[in-house]
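> Start from the sequences, fold in the hints, and give me the full structure.
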Amino acid sequence: MLTSPDHLGFHGWRWHSLSISYELCCLQRSSWLYADQCHNCFHRCSPTDLTCYQFCKKACDNYSKYLTKSLQHVWDWNWKTFVTVEEKLFFPWLRSHRVKSAYENILQDLERERNRLIQFSNTQGKLRSFKNSFFSFWRKKLATVLGPLTSPWNNWSLLKGQKRSRTLSVIDQCRQLKAELERQYQQQQKVHRFVTQLREKCDKYFVHERTLLLPKISVLIPPTQQKKFNNRVLRFLGYSNCRLQLVVLDETLKQSNREEWLRFRSQVPRAIQLFIPYWKRCYYKQLHHIMCIAE
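Here my numbering is used: position 292 in the sequence shown is 292, and no number is missing along the way.
Don't read these hints as lab results, they were simulated from the structure. One or more of the hints may lead you astray.
In silico DSBU-like pairs for lysine-lysine, Cα to Cα no more than 30 angstroms straight-line [claimed, not checked]:
id	residue 1	residue 2
1	K227	K254
2	K80	K69
3	K88	K178
4	K190	K201
5	K69	K204
6	K65	K285
7	K228	K88
8	K216	K280
9	K58	K178
10	K228	K254
11	K228	K280
Source: prediction; values computed, not measured.
This is the structure in structure tokens:
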């Protein structure tokens with residue numbers, strides 16, 4: 001249930017879930033594209049082309065940074081903000097009305113489903129923090145293991161001339177870079193699979209929420225109370241979070257659901273609408289580009 005009845009007094013919670021779904025969809029496609037570009041890059045390098053491997057390493061490092069930054073935004077900020085509002089405001093607000101007695105079982109089921117989703121993300125999401133330390137660890141590990149093994153050969157090569165030494169050094173560096181790039185590519189594939197599963201689970205949860213809760217809210221809670229709750233959420237989020245949330249909603253709804261975007265624009269005061277393009281350039285444009293580059 002993507003759209004709600006016209007007499008529903010608040011839409012922000014529903015728009016927020018739509019923005020998370022859109023950003024995860026973008027990130028799912030972009031994570032596959034980044035991993036594919038990384039793989040194609042270093043597989044074009046010849047075994048002795050150190051410049052090519054160095055270029056690919058720099059490119060793949062950038063791709064990993066893009067993925068990390070995008071995940072931090074969509075999951076560590078957008079999703080966590082959504083969960084915080086649900087836990088501290090939305091569900092307690094529903095329980096304070098007549099919804100409590102009639103739909104307590106529904107709320108409990110949704111909370112259990114959300115907790116399973118959070119547990120999944122906390123377990124699998126270690127990929128994000130593990131990624132950077134992983135490659136640093138293996139660079140040091142390779143240097144420690146290969147150093148004693150290669151030094152006798154390097155000393156021997158000095159007897160054969162400096163050119164021989166340089167040739168062996170280049171080959172060794174290429175092999176090491178290729179091994180790192182292979183691991184980096186595999187890690188990026190894991191991130192892609194994680195984002196894919198995350199999107200599927202989130203979409204399922206959001207559909208359950210909209211299907212089970214929205215019809216009841218529109219019937220059991222007066223529109224005036226719904227609008228009061230909406231204002232309460234805005235105060236809870238604070239100025240900086242509201243500003244970024246407006247930008248995210250404006251961009252994601254515009255790209256994914258024009259009907260919802262028009263409804264959103266109709267409810268945002270004209271004075272605030274004038275600031276959205278500026279806030280978007282300052283806080284979201286670059287992030288949206290790297291997150292949705294595959295769109």
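> Decide if the proposed pair is consistent with the structure: K80 and K69, CA atoms, cutoff 30 angstroms inclusive.
Answer holds: K80 to K69 is near 15 angstroms, not above 30 angstroms.
> Can you confirm whether the C-alpha distance between K216 and K280 stays at or below 30 angstroms?
Answer violated: K216 to K280 is near 35 angstroms, above 30 angstroms.
> Are the Cα positions of K88 and K178 separated by 30 angstroms at most?
49 angstroms, violated
> CA of K190 to CA of K201, is that 30 angstroms or under?
The given pair, whose Cα atoms are some 17 angstroms apart, holds under the 30 angstroms limit.
> Does K227 pair with K254 here, judged by a C-alpha cut-off of 30 angstroms?
Status holds; Cα separation ~23 angstroms.
> Hey, K228 versus K254, does the alpha-carbon distance stay inside 30 angstroms?
With Cα atoms ~26 angstroms apart, K228 and K254 stay inside 30 angstroms; holds.
> K228 and K280 were given as a pair; does the straight-line alpha-carbon distance stay at or below 30 angstroms?
Holds - the C-alpha atoms of K280 and K228 are around 27 angstroms apart, at most 30 angstroms.
> Has the given pair, K65 with K285, been kept, meaning a C-alpha gap of at most 30 angstroms?
The hint holds at about 17 angstroms.
> Given the hinted pair K58 and K178, is their Cα-Cα distance within 30 angstroms?
Since the Cα atoms of K58 and K178 sit roughly 12 angstroms apart, the hinted pair holds (cutoff 30 angstroms).
> Please work out if K228 and K88 have their alpha carbons no farther apart than 30 angstroms.
Between K228 and K88 the Cα gap is close to 16 angstroms, so the pair holds against 30 angstroms.
> Under the criterion that the straight-line Cα-Cα distance not exceed 30 angstroms, is the pair K69, K204 satisfied?
25 angstroms, holds
Checked against the numbered hints above, the structure violates hints 3 and 8; every other hint is satisfied.
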